[in-house]
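Heads up: the sequence lines are chains W and Y, in that order. Residue numbering for the first sequence follows the numbering used here, starting at 1 and increasing by one per position. Residue numbering for the second sequence follows the numbering used here, starting at 1 and increasing by one per position.
Treat the hints as calculated values from the structure; they're not laboratory data. Careful, some of the hints might be misleading.
Stated by the list, open to error - Simulated restraints, written as ranges between beta carbons of each label pair:
#1 W/Leu75 with Y/Gly40: 37 to 43 Å
#2 Y/Ala54 with W/Lys109: 45 to 51 Å
#3 Y/Gly28 with W/Leu75: 28 to 34 Å
The C-beta atom is built at its ideal place from N, Cα and C for all residues, glycine as well.
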Amino acid sequence: QKEVEQNSGPLSVPEGAIASLNCTYSDRGSQSFFWYRQYSGKSPELIMSIYSNGDKEDGRFTAQLNKASQYVSLLIRDSQPSDSATYLCAVNNAGNMLTFGGGTRLMVKP
Amino acid sequence: GAGVSQSPSNKVTEKGKDVELRCDPISGHTALYWYRQRLGQGLEFLIYFQGNSAPDKSGLPSDRFSAERTGESVSTLTIQRTQQEDSAVYLCASSLYGTGIGNEQFFGPGTRLTVL
């Protein structure tokens with residue numbers, strides 16, 4: 001069973017702080033890693049993808065990948081109340097579908 | 001450009017009826033996926049289409065579920081003899097390529113199915 005694990009939260013951070021979201025995966029053959037944001041009642045929206053070890057930055061978002069530790073993280077700098085959502089980690093092992101974690105609910109308090 | 005579209009946005013049906021859900025992928029995307037998301041739960045893979053290849057049906061939960069896609073265009077997911085446990089949001093996604101590194105999948109708005 002290929003698994004992707006996330007802490008369900010909620011993770012509560014004050015406005016302006018850094019939110020750190022974590023994800024571990026079981027399949028060492030995994031090659032592509034994605035972070036999706038899902039607002040309540042809406043569909044997942046792709047916000048970051050990462051394929052190589054290290055950091056990848058896009059605006060306020062930084063994705064971090066450590067294949068040796070089978071660990072992916074997402075940092076959100078200067079968190080805003082509008083960032084409050086569920087963040088889904090998804091992993092692809094060069095197969096056809098994505099395996100999703102259960103998601104971490106983030107709450108940014110004004 | 002236009003994103004993935006799905007119809008209907010909501011569907012309420014009675015137990016035992018058949019339903020058909022539609023997905024229109026992003027133009028030029030060769031791969032199309034169906035997922036299911038039950039209330040408060042994660043996404044479950046259902047089926048995958050890549051060009052004219054045989055679909056990957058490994059995620060379909062029972063033989064009541066089937067899907068079709070003509071070429072690289074619209075797909076329909078059919079659920080026969082619906083049961084209450086079929087109630088969920090059915091999400092369609094498409095990607096430019098189906099395999100290999102990358103394969104970013106973009107989701108449609110989903111169809112919320114309620115079986116009474």
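Do the hints match the structure? See the list:
1. W/Leu75 with Y/Gly40: 37 to 43 Å: Given range 37 to 43 Å: violated, Cβ gap about 26 Å.
2. Y/Ala54 with W/Lys109: 45 to 51 Å: 50 Å, holds
3. Y/Gly28 with W/Leu75: 28 to 34 Å: 33 Å, holds
In this structure, the one hint that does not hold is number 1.
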